[in-house]
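K.L.:
Required output: the full structure, derived from the provided sequences and hints.
Residue numbers (this note's numbering), protein chains in the order written: chain D, 1 to 229; chain R, 1001 to 1075.
Everything labelled a hint here was simulated from the structure, so no lab data went into it. Take the hints with a grain of salt, since some may be wrong.
[As the list claims (entries may be wrong)] Derived, one-sided and incomplete: chain R residues facing chain D with beta-carbon distance under 8 Å:
#1 Pro1029
#2 Gly1048
#3 Ile1061
[Said to hold, decoys possible] What follows is a list of derived Cβ distance ranges for each label pair:
#4 D:Ser72 <-> R:Gly1070: 26 to 36 Å
#5 D:Pro20 <-> R:Ser1026: 25 to 35 Å
#6 R:Pro1052 <-> D:Gly108: 35 to 45 Å
#7 D:Ser72 <-> R:Arg1050: 37 to 47 Å
#8 D:Val100 <-> R:Ser1026: 42 to 52 Å
#9 D:Gly108 <-> R:Asp1027: 40 to 50 Å
#10 R:Ser1026 <-> D:Trp60: 23 to 33 Å
Don't be surprised by glycine CBs; every beta carbon is placed ideally from N, CA and C.
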Amino acid sequence: MLTLIGILIVVVGFALRINPLLVVTVAGLATGLVSGLGPIEVVSAFGKAFVESRYVAIVWLLLPVIGLLERSGLKERARALVAGIPAATTGRVLSIYFIVRQVSSALGLTSLGGHAQMVRPLVAPMAEGAAETRYGALPLKTRDRIRAHAAATDNVAYFFGEDIFIAIGSILLMKGFLEQNGIRVEPTQLAKWAIPTAIAAFIIHNVRLVLLDRSLSRELSATKDAAAE
Amino acid sequence: MITLETIYWAMGLLAAGVAIINFRDSDNPRHYNNAAFWGIYSLTFLLGSRIPHFASGCLAIAMVLVASVGKLGQS
Chain D
1 MLTLIGILIV VVGFALRINP LLVVTVAGLA TGLVSGLGPI EVVSAFGKAF VESRYVAIVW
61 LLLPVIGLLE RSGLKERARA LVAGIPAATT GRVLSIYFIV RQVSSALGLT SLGGHAQMVR
121 PLVAPMAEGA AETRYGALPL KTRDRIRAHA AATDNVAYFF GEDIFIAIGS ILLMKGFLEQ
181 NGIRVEPTQL AKWAIPTAIA AFIIHNVRLV LLDRSLSREL SATKDAAAE
Chain R
1001 MITLETIYWA MGLLAAGVAI INFRDSDNPR HYNNAAFWGI YSLTFLLGSR IPHFASGCLA
1061 IAMVLVASVG KLGQS
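P.N.:
Written out as structure tokens, the structure is:
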């Protein structure tokens, strides 16, 4: 029973808004200690887990390449491209990206998009550029909101697109889990029935993007008028 | 031959580079904290497979302390 103290620490720590890194570390150490491990054993277990999961940081190796591209003006180009299309709005740009991302994920090309390699260097600047062309310079809060929407669009399109492809980890995981519980399904069936969900996700997310466009126009037209007076 | 270890070396060097740039950035009042964080992180990549797990654990906890008790980023 005492071994569950970690959960309590996490709940209390997060509720008090203490630095999450510290909370999780303390919770992990406390759980180890109350389960009867010595301090050295706990820290060793901690080190082992840390060293063995170093691979999660591999995606950062990409950052210098993106930094180099940005230094040469990738973001400016992305922005200028969108600025040249009068019909482009933030919502529409993201909506087109949603389609590209979902279709390519459905074909198994899941690495084509992603936050580090696609959203930050290309999609977010395009979405911001579309808003800038219409409303002029954006306040930081709006800028952050557009970036968050760009990242969310990538997430949703990817999540509800990849299951349409048969040979993907999540399909195999579902098949394996269901089989353990005595339910036999074919991967093709799983993939086929991911299509209605994918369509629903497309419709719901596009409604959100239309609403985003409306709220941007409401917010920014007001500030633009105020600035003009 | 390229193994996972090669990639860890590359990550270690990248993190070490970040640490050095931060160390020399005297305009930022938190530059020593940033440098310490990235420096320790770099060590976990460069040495992680060679040192005992206890030592890696201490490095990880040191990173947590630098990032939580001390502060990172720009003030």
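K.L.:
Starting from the hint list further up, note which numbers the structure goes against and sort them upward.
P.N.:
1
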